[in-house]
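Novice: Protein chains in written order, with the numbering used here: chain A, -9 to 250; chain B, -9 to 250.
One or more hints might be untrue.
Repeated chains share a single entry, so a pair holds when one copy, or any two copies, can fit it.
[As the list claims (entries may be wrong)] Restricting the straight-line Cα-Cα distance to at most 25 angstroms, the calculated cross-link-like pairs of lysine to any residue (SDA-like) are:
(1) K76 x H192
(2) K169 x E16
(3) K44 x V77
(4) K154 x I237
(5) K76 x F185
(6) K172 x D230
(7) K56 x G142
(8) K202 x V189
(9) K172 x R137
(10) K154 x D211
(11) K154 x D230
(12) K82 x G201
(13) K172 x Q228
(14) K44 x D30
(15) K44 x G31
(16) K172 x I237
(17) K12 x G22
(18) K154 x Q228
Everything labelled a hint here was simulated from the structure, so no lab data went into it.
2 protein chains.
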Amino acid sequence: MATKKPLILVVNDDGITAPGIKVLLEEMQHLGEVVVVAPDGPQSGMGHAITIGKPLRLDAVDIYPKVEMYKCSGTPVDCVKLAVNKVFKGRKPDLCVSGINHGLNNSINVLYSGTMSAAVEGAIEGIPSIGFSLDDFSYDANFEYCRPYVRGIAAQVLKNDLPKHSLLNVNFPNVEKLKGIKICRQAGGRWVEEFEERVDPHQREYFWLTGKFQLEDRGEDTDVFALNNGYVSVVPTQFDMTAHHVIPELNSWSFDIPKS
Amino acid sequence: MATKKPLILVVNDDGITAPGIKVLLEEMQHLGEVVVVAPDGPQSGMGHAITIGKPLRLDAVDIYPKVEMYKCSGTPVDCVKLAVNKVFKGRKPDLCVSGINHGLNNSINVLYSGTMSAAVEGAIEGIPSIGFSLDDFSYDANFEYCRPYVRGIAAQVLKNDLPKHSLLNVNFPNVEKLKGIKICRQAGGRWVEEFEERVDPHQREYFWLTGKFQLEDRGEDTDVFALNNGYVSVVPTQFDMTAHHVIPELNSWSFDIPKS
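Kindly produce the complete structure, drawing on both the sequences and the hints.
Specialist: Here you go:
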């Protein structure tokens, strides 16, 4: 009896020609039937943005031999929505993988990341989903040593059931000798912004976002700690943003609503 | 002894000329010193997007009498970052309020919403933050009956300490007789997309995102339930996206990493 190959959606936020997505789709070809739907250009930092005020384009492209690929004019989340509704047309993928991102998406970066938001959208659609990211922003980042982990983690997700409404955020440190995998929580931290001030050729001031990540968490169970120690960090991630522990406190507040 | 008035940052995602932000800043003027930094145009559905690949503009504008206001070319989250770093320059606001959004940001919408993402960014910066939204997308939505609640809830947040790393997501049903406030959790649900297919004047196909919200949660402690029953929903919200309950399960998985 022939077993049907798993159907795997590959997406990213660095755009369809980024080297990271090539590594990801090659590894996924060992596990199943691959379909790529990715942005037609860079969409880093797009978070969970969707396109509602303008039209979206979706076009088949022929980049790598024997891979069904589509470029999309929208955000990473748009790519997942279009894949589910217009490419797969009712067939539901068995796995959604996003990346491999050029740059880390650990700690608070999960919120800003188009890569992770695409994986979150996959999970919202009920598809087991994983985001992969490497601590190297450069175009010629070396993804080679990530390959066995990418394939191994994806194979595990296909084999086991990820609990409902959860997905994985996987980050690779920029070291050649990976020590293994650590299951972690998202480290507390934030970006301390600097905004470079410049003047344009018309003498008008403009700003360019820049900044430094500031760790605000001394825990040894965090993704930042794992990465700093040479491990691949795996954070189970969810999209219920309720601060459940705060509900009892708020119920004790008295909201005096002034008469209008 | 004179008490210093609280410093209040007002932001939104519908743009600086939207009626909702006018109601919000007017109510905040009763509570403190108001500074508005808002997008120069509509930024709905921008989620937690930030602008990293192009410059940002920030310009003072004179729209309402005696209100310090700036329009920004970026996303709602950019507005908060620029406010904190370039407008307040070291002074830390006592409160960040976002909205009042034209349209609900309950349930899963918290992820797509620029209004809520601006409030989340405020909370990341350590500022007590609230997002407000009304169940009416129209330009001439009637925000009048929200006013006492907006002021009352903001006053409570200024008076009490919101627990660290949490903020409030406040939604108003579109009814004139509000029954009161319910503290809730985010309802489970998602958008079932439809994507209208059209053809442009050059005979090329394009897509337009549309869809229906599908509730997948029968709980009576959710924001959707509260709103459907005429209450103002208040969901304490956080930006730790770790699915903490999934960590033990993942620790029981064996990740067989194939030799590369």
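Novice: Each hint should be assessed against the structure and marked as holding or not.
Specialist: Each hint, compared with the structure:
Proximity of K76 to H192 under the C-alpha cut-off of 25 angstroms is restricted to the inter-copy arrangement: shortest distance 21 angstroms between copies versus 45 angstroms within a copy. In the homo-oligomer, the alpha carbons of K169 and E16 lie at most 25 angstroms apart inside one protomer (23 angstroms), although the nearest pairing across protomers, at 56 angstroms, exceeds that limit. In this assembly of identical chains, the alpha carbons of K44 and V77 lie at most 25 angstroms apart only when taken from the same copy (20 angstroms versus 31 angstroms across copies). Proximity of K154 and I237 under a CA criterion of 25 angstroms is satisfied in both settings, with 23 angstroms inside one chain copy and 13 angstroms between copies.
In this assembly of identical chains, K76 and F185 lie within 25 angstroms of each other by CA distance solely across copies; the values are 8 angstroms between and 40 angstroms within a copy. Proximity of K172 to D230 under the C-alpha cut-off of 25 angstroms is found in both arrangements, the shortest distances being 23 angstroms within a copy and 18 angstroms between copies. Proximity of K56 and G142 under a CA criterion of 25 angstroms is satisfied intra-copy only: 23 angstroms inside one chain copy versus 61 angstroms between copies. In the homo-oligomer, the alpha carbons of K202 and V189 lie at most 25 angstroms apart inside one protomer (23 angstroms), although the nearest pairing across protomers, at 45 angstroms, exceeds that limit.
Taking identical chains as interchangeable, the C-alpha atoms of K172 and R137 lie at most 25 angstroms apart only when both belong to the same chain, with a minimum of 17 angstroms there against 49 angstroms between chains. Proximity of K154 to D211 under the C-alpha cut-off of 25 angstroms is found in both arrangements, the shortest distances being 23 angstroms within a copy and 20 angstroms between copies. In this assembly of identical chains, the alpha carbons of K154 and D230 lie at most 25 angstroms apart whether taken from the same copy (11 angstroms) or from different copies (18 angstroms). Taking the shortest Cα distances, K82 and G201 sit within 25 angstroms of each other only across copies (18 angstroms), while inside one copy they are farther apart (40 angstroms).
Taking the shortest alpha-carbon separations for K172 and Q228, both the intra-copy value of 18 angstroms and the inter-copy value of 24 angstroms come in at or below 25 angstroms. In this homomeric assembly, K44 and D30 come within 25 angstroms of each other (Cα to Cα) both inside a single copy, at 16 angstroms, and across copies, at 17 angstroms. For a Cα distance limit of 25 angstroms, the shortest separation of K44 from G31 qualifies both inside one copy, at 17 angstroms, and across copies, at 14 angstroms. With identical chains, the CA atoms of K172 and I237 are at most 25 angstroms apart between copies only, with a shortest distance of 10 angstroms across copies and 31 angstroms within one.
In this assembly of identical chains, the alpha carbons of K12 and G22 lie at most 25 angstroms apart only when taken from the same copy (15 angstroms versus 53 angstroms across copies). In this homomeric assembly, K154 and Q228 come within 25 angstroms of each other (Cα to Cα) both inside a single copy, at 9 angstroms, and across copies, at 20 angstroms.
Against the hints set out earlier in the document, no violation occurs for any number.
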